[in-house]
Amino acid sequence: MPRPDRFRLGAGWVGAGAVAATGAVSALLLIVGGYDPFEAAGAALGGAFGSADAFLSVTLVRSIPLMLTGLAVAFAFRAGVWNIGAEGQLLAGAIAAAWVGLVGRALPAWLLLPMLLALAAFAGALWALVPALMKVRLGVGEVITTLLMSFVAIELTAFVVRGPLQEPRGVFPQTEAIAAGARLPALVPGTRLHLGVVLAVVAAVAVAWLFRQTKLGFRMRAVGASPEAARMAGKIDTGPVTLVAFLGSGALAGLAGGVQVAGVTYALYEGYSPGWGYTAIAVALLAALDPLWVLATALLFGALEAGAAAMQRDAGIPAVWAVAVQALLILAVLALDQMRRRANAGSAGV
Amino acid sequence: MSEAELELFLQASVRLGAPLALAALGEAVTERAGVINIGLEGAIIAGALGGALGALAFESGGAGVLAGALAGGIVALVFAAFAVGLGTDQIITGTAVTLGGLGLTGAVYQARFGATGTALTLPTLAPVRLPLLADIPLIGDALFAQAPTTYLAYALAPALWYFFFRTEWGLELRAVGEQPDAAAAAGVRVRRVRLLATLLGGTLAGVAGAHLALAHAGTFAENMSAGRGFIAIAVVALGRWNPPWVLLAALFFGAASALQYLLQALGLDLPYQLFLAIPYLLTLAALAGWLGRARAPAALATPWPPPR
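If you read the sequences in order, they're chains R and E.
Following this note's numbering from start to finish, the first sequence increments by one per residue and tops out at 350.
Following this note's numbering from start to finish, the second sequence increments by one per residue and tops out at 658.
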């Protein structure tokens with residue numbers, strides 16, 4: 001597996017260049033598709049940032065699950081753990097959250113809400129435990145196993161919303177709304193922005209602090225840079241470090257599921273995630289796996305989604321364009337980063 | 351359970367397993383060369399749209415399959431340009447290619463046919479009954495009265511096995527996936543082998559997509575690949591990177607999906623979603639070594655030459 005250090009942007013021009021290149025290619029594609037790129041950009045910007053409500057209720061709310069899952073991916077990738085199953089860990093968290101929110105009606109909010117979030121994080125970590133143990137104990141690569149666990153989570157979600165947690169009438173594949181006391185309060189009255197955004201920022205700061213200031217964080221980065229060197233030269237027992245990376249990553253993704261249930265949907269339903277766990281990989285990469293930058297790139301992706309919806313509504317351009325733009329953005333970062341690397345290697349005489 | 355119900359179940363198993371088999375057999379070749387193409391999903395959806403457009407343009411299902419294969423190959427070429435040519439991370443590149451495939455096909459479809467979602471009727475790929483074989487009781491119809499693309503999967507399984515384990519090129523391909531440095535030292539052109547293996551994988555994924563649109567659904571819908579690219583990666587692991595086993599694993603995944611129809615036909619109200627999870631759990635067990643030894647190629651997902 002390659003080293004996460006390969007993604008360090010180092011120079012800011014990779015990020016800026018990627019955004020510029022993506023903008024140019026997108027505009028070109030829109031022209032080919034017969035659309036006016038300026039009209040599209042205007043509609044998208046208006047939808048994402050055009051008013052306080054557009055920004056707070058749409059852009060920011062959409063970016064919250066991406067912030068938390070992006071952090072989850074960065075947390076694992078930094079330690080060289082290729083957890084691409086944030087999707088499943090998020091769903092495990094969402095299932096746990098829905099369950100707590102439904103059965104805990106009698107509990108007061110000060111107890112119910114923290115319990116919901118804690119259990120969501122725990123469920124996410126539990127979902128990551130299987131691939132973690134397979135990696136640490138049996139040496140099975142995590143790329144395929146984390147992916148497999150996501151599929152199990154998707155089927156489990158479909159089962160619980162048609163089985164044990166289905167709404168009482170038994171018609172729709174969804175749960176009843178969770179208890180009022182299990183919901184995250186609004187942050188700005190009159191908007192849909194909920195307390196989850198504060199949780200995401202706190203989580204990002206905590207992860208950044210862990211990476212920069214603690215022994216554990218140093219070990220994680222060392223193992224991520226080179227497991228052999230960490231073991232031989234650094235005398236680091238890689239097993240526990242890898243385990244922490246898996247479980248922490250799973251917990252953050254699980255928390256994302258819990259926050260989404262408690263802050264936005266108030267219920268669980270079939271096909272719950274539109275792919276947050278996969279988009280999160282792009283979010284984390286664009287942030288060069290830096291926890292604080294994850295907040296910014298998640299916001300960018302949230303704006304992209306909000307803008308795309310507005311583009312469809314106001315300019316008649318299919319919203320799926322946003323997905324293609326995300327792909328272009330990742331490819332641009334990969335290509336530019338590789339070029340920078342070669343240029344640097346060349347100047348060092350390698 | 352009557353014989354008719356069992357026959358319908360077997361038929362559905364093969365129908366649902368065939369696209370998985372095509373994509374997974376291709377991915378097995380790619381992975382044997384040390385490349386994991388998470389962008390397979392993008393190649394499948396491109397193959398489905400390419401198949402639909404090709405079939406419409408030439409008013410023929412066969413032309414649709416060729417167009418689908420081409421579309422899948424182009425998507426794999428994009429993936430290979432980055433992951434093999436530039437040596438970018440395979441997982442991230444694959445994620446991008448899947449997103450790009452889903453996004454662009456959706457955009458092209460809406461631009462061409464409008465966003466209202468009027469169902470598209472395509473020239474279909476009709477089932478072909480193989481004489482004699484299709485007359486075998488119980489399994490004959492299920493296995494041998496299918497679309498021609500299904501027979502391609504049957505033929506590929508032994509052919510690829512022979513290629514991997516009995517030919518010089520197959521040996522070189524496996525060496526590239528296990529020990530690329532040693533292979534390069536022995537004069538194998540590692541990146542060229544990886545490029546070709548990736549292109550073959552994408553082409554077959556494109557055929558799988560065309561099969562979905564033309565033999566399975568008779569129409570194109572956005573996101574109709576429905577995760578099959580990722581499932582195919584699981585199928586390869588359950589099939590232990592060995593083509594005949596990969597084919598069987600794909601049919602097994604197909605059977606798990608077909609079980610829901612059987613349960614409905616039998617009037618049983620069992621939670622079929624739990625049955626759908628079984629193949630994934632079995633694949634995990636296989637990877638853990640509980641079903642014999644299943645080991646991924648040693649250099650899987652490792653860029654070559656190694657990053658400086």
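Derived from the structure by calculation, the hints contain no laboratory data.
Careful, some of the hints might be misleading.
Ranges between beta-carbon positions, derived for each pair [said to hold, decoys possible]:
1) R:ASP53 / E:ALA354: 56 to 62 angstroms
2) R:ALA233 / E:LEU521: 33 to 39 angstroms
3) R:LYS215 / E:ILE628: 51 to 57 angstroms
4) E:PRO594 / R:PRO274: 36 to 42 angstroms
5) E:PRO655 / R:ARG231: 43 to 49 angstroms
One-sided and incomplete, this derived list gives chain R residues near chain E with beta-carbon spacing under 10 angstroms [as the list claims (entries may be wrong)]:
6) ILE31
7) GLY33
8) VAL130
9) PHE159
10) ILE236
11) ALA335
Glycine included, each C-beta is placed from N, C-alpha and C at the ideal position.
Comparing the hints with the structure gives:
Remark: the range hint 56 to 62 angstroms for ASP53 of chain R to ALA354 of chain E is upheld by a beta-carbon distance near 59 angstroms. Between ALA233 of chain R and LEU521 of chain E the beta carbon distance is about 37 angstroms. The supplied range of 33 to 39 angstroms therefore holds. Between LYS215 of chain R and ILE628 of chain E the Cβ separation comes to about 43 angstroms, which falls outside the hinted range of 51 to 57 angstroms. For PRO594 of chain E and PRO274 of chain R, the Cβ-Cβ distance of about 37 angstroms falls inside the hinted range of 36 to 42 angstroms, so the restraint holds.
Take PRO655 of chain E and ARG231 of chain R: their Cβ atoms lie about 24 angstroms apart, and the range 43 to 49 angstroms is violated. Restraint check, ILE31 of chain R versus chain E: the minimum CB separation of about 12 angstroms is more than 10 angstroms; hint violated. The beta carbon of GLY33 of chain R comes within 5 angstroms of a beta carbon in chain E, closer than 10 angstroms, and the hint placing it at the interface holds. The interface hint given for VAL130 of chain R is met, as the beta carbon of that residue sits about 7 angstroms from the closest beta carbon of chain E, less than 10 angstroms.
Against a cut-off of 10 angstroms between C-beta atoms, the interface hint on PHE159 of chain R holds, since the closest Cβ of chain E lies about 4 angstroms away. Because the beta carbon of ILE236 of chain R sits about 22 angstroms from the nearest beta carbon in chain E, more than 10 angstroms, this interface hint is broken. The interface hint given for ALA335 of chain R is met, as the beta carbon of that residue sits about 6 angstroms from the closest beta carbon of chain E, less than 10 angstroms.
Of the numbered hints given earlier, the model fails hints 3, 5, 6, 10; all others are met.
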